[in-house]
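Protein sequences, first through last, are from chains A and B. Position 30 of the first sequence, counting from 1, maps to 30 under the working numbering, and the rest follow consecutively. Position 40 of the second sequence, counting from 1, maps to 40 under the working numbering, and the rest follow consecutively.
Quick caveat, the hints were computed from the structure, so don't treat them as lab data. Glycine included, every Cβ here is placed at the ideal spot set by N, Cα and C. Treat the hints loosely; a few may be bogus.
Chain B residues, not near chain A, derived (Cβ > 12 Å throughout) [claimed, not checked]:
no.	residue
1	Leu43
2	Asp63
3	Pro70
4	Gln110
Calculated pairs, EDC-like style, for lysine to aspartate or glutamate (alpha carbon to alpha carbon, straight line, at most 16 Å) [what the hints assert, rightly or not]:
no.	chain 1	residue 1	chain 2	residue 2
5	B	Lys78	B	Glu14
6	B	Lys78	B	Asp30
7	B	Lys102	A	Asp31
8	A	Lys98	B	Glu44
9	A	Lys98	B	Asp57
10	A	Lys98	B	Asp56
11	A	Lys98	B	Glu101
12	B	Lys78	B	Glu18
13	A	Lys98	B	Asp30
14	B	Lys68	B	Glu83
15	A	Lys56	A	Asp31
16	A	Lys98	A	Glu39
17	A	Lys68	A	Asp17
18	B	Lys68	B	Asp57
19	B	Lys102	A	Asp49
20	A	Lys42	A	Asp84
21	B	Lys78	B	Asp57
Below are the chains, spelled out letter by letter.
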Amino acid sequence: GENVGLHLPTLSVQEGDNSIINCAYSNSASDYFIWYKQESGKGPQFIIDIRSNMDKRQGQRVTVLLNKTVKHLSLQIAATQPGDSAVYFCAENSYRGKLQFGAGTQVVVTP
Amino acid sequence: DAGVIQSPRHEVTEMGQEVTLRCKPISGHDYLFWYRQTMMRGLELLIYFNNNVPIDDSGMPEDRFSAKMPNASFSTLKIQPSEPRDSAVYFCASSLRSTNEKLFFGSGTQLSVL
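Based on the sequences and whatever the hints tell you, model everything.
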């Protein structure tokens, strides 16, 4: 997806609830997708990835779902914790085989 | 492994000055990437190297920007002369075997050009 400016979409989640972060990607030929988490003042940190031959992949408290029909990717975080507050980015491999990052979603966990 | 190491963490300089950012990738990683992050444009790929050779520099904004990788454990990104619009966070990242796998990012250099 193309980066957009200034204001990130924000998802407010109550502690203990599940979070769902969505991402629309642009290249129907993309075959690899990644989710990153970026905390304030830090670099992006790898969370989970998925190849296009899969629809779903699970990690520890996280699940990534891929819908190639509508070019949609989602990240589900189970039992959201305060430490999950961060900006979350999806990335897809681009036409030139390089990862292209989305604009990001700010997740705010409230007590 | 200590991960990708960048220095300095913060750099404040005056317009017109030369700025050099440094990066040590994860040992054994064949690819090294330089990204720039701003609120307006998000994460932008500037350049990447494979086995110390620059492969794609199409993201480098202007001739004022240059990057080198003299060996497998060190890379620099230089801006000369710097301008206020260069203010951003610059990240270095590395990956093991390709451009199409997970990247490991450093902590970034926060650059402010006054």
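Evaluated hints:
1. Residue placement check: Leu43 of chain B does not keep its beta carbon more than 12 Å from all beta carbons of chain A (closest about 4 Å).
2. For Asp63 of chain B, the non-interface assignment is confirmed: its Cβ lies about 22 Å from the closest Cβ of chain A, beyond the 12 Å cut-off.
3. With a minimum CB-CB distance of about 23 Å to chain A, Pro70 of chain B clears the 12 Å threshold, and the non-interface call stands.
4. At roughly 8 Å from the closest C-beta of chain A, the C-beta of Gln110 of chain B falls inside 12 Å, breaking its exclusion from the interface.
5. Annotation: proposed proximity of Lys78 of chain B to Glu14 of chain B holds, straight-line Cα distance about 15 Å (limit 16 Å).
6. At most 16 Å may separate the alpha-carbon atoms for a hinted pair to count; Lys78 of chain B and Asp30 of chain B exceed this at roughly 21 Å.
7. For the suggested pair Lys102 of chain B and Asp31 of chain A, the alpha carbons sit about 13 Å apart, so the restraint of at most 16 Å is met.
8. For the proposed pair Lys98 of chain A and Glu44 of chain B, the alpha carbon gap of about 11 Å is at most 16 Å, so the pair holds.
9. For the hint linking Lys98 of chain A to Asp57 of chain B, the alpha-carbon distance of about 12 Å falls within 16 Å, and the restraint holds.
10. A threshold of 16 Å between alpha carbons decides the hint, and for Lys98 of chain A with Asp56 of chain B the separation of about 10 Å falls inside it, so the pair holds.
11. Restraint check for Lys98 of chain A and Glu101 of chain B: satisfied, since their Cα atoms lie roughly 9 Å apart, inside the 16 Å limit.
12. Restraint check for Lys78 of chain B and Glu18 of chain B: satisfied, since their Cα atoms lie roughly 7 Å apart, inside the 16 Å limit.
13. For the hint linking Lys98 of chain A to Asp30 of chain B, the alpha-carbon distance of about 15 Å falls within 16 Å, and the restraint holds.
14. A hinted pair counts as satisfied when its Cα atoms are at most 16 Å apart, and Lys68 of chain B with Glu83 of chain B does not qualify at roughly 20 Å.
15. Straight-line distance between C-alpha atoms of Lys56 of chain A and Asp31 of chain A comes to about 14 Å, which keeps the hinted pair within the 16 Å bound.
16. Between the alpha carbons of Lys98 of chain A and Glu39 of chain A the distance comes to roughly 23 Å, so the proposed pair goes past 16 Å and is violated.
17. Under the criterion of a C-alpha separation no larger than 16 Å, the hint pairing Lys68 of chain A with Asp17 of chain A is inconsistent with the structure, at around 27 Å.
18. Restraint check: the Cα-Cα separation between Lys68 of chain B and Asp57 of chain B comes to about 11 Å, which is no more than 16 Å; the hinted pair holds.
19. The straight-line distance between the Cα atoms of Lys102 of chain B and Asp49 of chain A is roughly 8 Å, inside the 16 Å bound, and the hint therefore holds.
20. Proposed proximity of Lys42 of chain A and Asp84 of chain A is supported: the alpha carbons are some 14 Å apart, at most 16 Å.
21. Taking the CA atoms of Lys78 of chain B and Asp57 of chain B, the gap is near 13 Å; set against the 16 Å cutoff, the hint holds.
Going through the hint list in order, the structure does not satisfy hints 1, 4, 6, 14, 16, 17.
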